[in-house]
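Keeping their order, the protein sequence lines are chains A and B.
Under our numbering, residues 1 to 148 are what the first sequence spells out, in order.
Under our numbering, residues 1 to 191 are what the second sequence spells out, in order.
Worth flagging that the hints you see were computed from the coordinates, not collected in a lab.
Here the structure is a predicted model, which means the values were calculated and not measured.
Incorrect hints may appear among the rest.
Unchecked claim - Straight line, CA to CA, 30 Å or less: simulated DSSO-like cross-link-like pairs of lysine-lysine: (1) B:K4 with A:K6; (2) A:K51 with A:K126; (3) A:K51 with A:K67; (4) A:K2 with A:K126; (5) B:K15 with A:K6; (6) B:K15 with B:K4; (7) A:K2 with B:K68; (8) A:K2 with B:K112; (9) B:K112 with A:K126; (10) B:K68 with A:K51; (11) B:K15 with B:K68; (12) A:K66 with A:K51; (13) A:K126 with B:K33; (14) A:K6 with B:K112; (15) A:K2 with B:K15.
To be verified - A few chain B positions that, by computed beta-carbon distances, are all more than 12 Å from chain A: (16) H62; (17) P155; (18) L173.
Virtual Cβ for every residue (Gly too), placed ideally from N, Cα, C.
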Amino acid sequence: MKDYTKGRSPEMLEPFFPNEMFRHIIVSCFLVILEFVAVIFFPLPFQFVDKPAHIPWFFLPLYNLKKLIHNEVLFISVLALCALFLVSWPFLVRVRSYCLLFLNKIKITNSCTDCYSKVNYPLWQKPVPFAVVIIAIFLVINLCLINV
Amino acid sequence: MNKKTEGINQEITTKSFLQEIIETNITRRLIPKSMSWFGCMGGLSLVAFMIQVITGVFLMFHYIPSAKDAVPSIQNISHNVPYGWFIQRIHAVGPHIMIGMVISHMLRILFKGIYRRPRELHWVSGSCLLILTLFMYYTGSLLSVSNSDGRSAIPISYLYAIHVAGIPMAMGLFMGLHFFMIRNTGISEPL
Chain A
1 MKDYTKGRSP
11 EMLEPFFPNE
21 MFRHIIVSCF
31 LVILEFVAVI
41 FFPLPFQFVD
51 KPAHIPWFFL
61 PLYNLKKLIH
71 NEVLFISVLA
81 LCALFLVSWP
91 FLVRVRSYCL
101 LFLNKIKITN
111 SCTDCYSKVN
121 YPLWQKPVPF
131 AVVIIAIFLV
141 INLCLINV
Chain B
1 MNKKTEGINQ
11 EITTKSFLQE
21 IIETNITRRL
31 IPKSMSWFGC
41 MGGLSLVAFM
51 IQVITGVFLM
61 FHYIPSAKDA
71 VPSIQNISHN
81 VPYGWFIQRI
91 HAVGPHIMIG
101 MVISHMLRIL
111 FKGIYRRPRE
121 LHWVSGSCLL
131 ILTLFMYYTG
141 SLLSVSNSDG
151 RSAIPISYLY
161 AIHVAGIPMA
171 MGLFMGLHFF
181 MIRNTGISEP
191 L
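One chain only, chain A, in its complex shape (with noise of 0.2 Å):
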């Protein structure tokens, strides 16, 4: 199991228990008064957005691809392209020359792996995956919006 002592001083620490499962217990509350309350008022009365009833907010994108692409084949093995991106994302952005954008940042000490493992940045501050990201959000909610 990971240790989280090491390197730290005693007040960077907080005992798991009661704090860690006094905050999921909490969460844990929440959500089920969420689920009580969804059931009380789901399906809402009004729509967001103009969509069959029998499809959700989830598959809303897939279902307005499913319209725009009539050839099945096409549309599964687009389908398929975006579950293999998704999946590899990590190894997609793990290349060398991301890691020239940060060297006035941090220090390398071994190699450019190195400081990838060491440091963890926030996608904000990569900006072709940054870019990536936004770019396949925007595609997401338009296919939610468009009425095709």
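Mind docking chain B on chain A? Use the hints.
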């Protein structure tokens, strides 16, 4: 007398073994202070999944997976079984919340860059779990309508088997992998 002493010793060993596990994993465990409330999204997805499993097991007792009886059995659950309407509604609404939780968990991981080395496999198992969850919803939604409306060419008994056994088993496998890797590499700190 010897057997009795042996039995007591074994009981003490088992107790101390359990105590050790509880102390190491829960009561004496220390975590970084930086953990946020949004870090609970993964745990919430698991709670939502457990709610789906519990309500699903209840529904299994009353649901009939045949093209002719599927819809009447759902109506029977809703109208005749005590609290059946409530459990059926929770099972129907739960996936929306669960998928919402999983997507927000993944977006947080994506934007914070926590999927990076050595946690690539966390992302891989997590995204496989999202895809399986979507499949789970799809097969489940086809179970609640009769096949006569042409929404599915697959027999309802096959869909039922995939929904209650095939996908949950695959999900259990990926969840085990996901949690095992989280235990080994931690949640977000650099190793």
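Holds or violated: K2 of chain A to K68 of chain B, with C-alpha atoms at most 30 Å apart: violated, 53 Å
- Decide if the proposed pair is consistent with the structure: K15 of chain B and K6 of chain A, CA atoms, cutoff 30 Å inclusive. Judged against 30 Å, a Cα distance of about 29 Å means the pair holds.
Take a quick look at whether K2 of chain A and K126 of chain A sit within 30 Å of each other, Cα to Cα.
This hinted pair holds, its Cα atoms lying about 28 Å apart.
Would you mind confirming whether the straight-line C-alpha gap from K2 of chain A to K112 of chain B stays at or under 30 Å? holds, 20 Å
Taking only the CA atoms, is the gap from K68 of chain B to K51 of chain A under or equal to 30 Å?
holds, 28 Å
Restraint check for K15 of chain B with K4 of chain B, where alpha carbons must lie at most 30 Å apart:
Holds - the C-alpha atoms of K4 of chain B and K15 of chain B are around 16 Å apart, at most 30 Å.
Least C-beta distance from L173 of chain B to chain A larger than 12 Å = Fine: 15 Å to the nearest Cβ keeps L173 of chain B off the interface.
query: Keeping to a limit of 30 Å between CA atoms, is the pair of K51 of chain A and K126 of chain A held or broken?
result: violated, 36 Å
Point to revise | 30 Å Cα cutoff - pair K66 of chain A, K51 of chain A | key: The given pair, whose Cα atoms are some 13 Å apart, holds under the 30 Å limit.
30 Å limit on alpha-carbon distance, applied to hinted pair K2 of chain A and K15 of chain B: With a Cα-Cα distance of about 24 Å, the restraint between K2 of chain A and K15 of chain B holds, given a limit of 30 Å.
Hinted pair K112 of chain B and K126 of chain A, Cα distance within 30 Å: Distance of about 11 Å is within 30 Å: holds.
request  = Determine whether the non-interface label on H62 of chain B survives the test: each CB of chain A must be over 12 Å from its CB.
outcome  = Correct as stated: the minimum Cβ-Cβ distance to chain A is 18 Å, above 12 Å.
Checked against the numbered hints given earlier, the structure breaks hints 1, 2, 7, 11 and satisfies all the rest.
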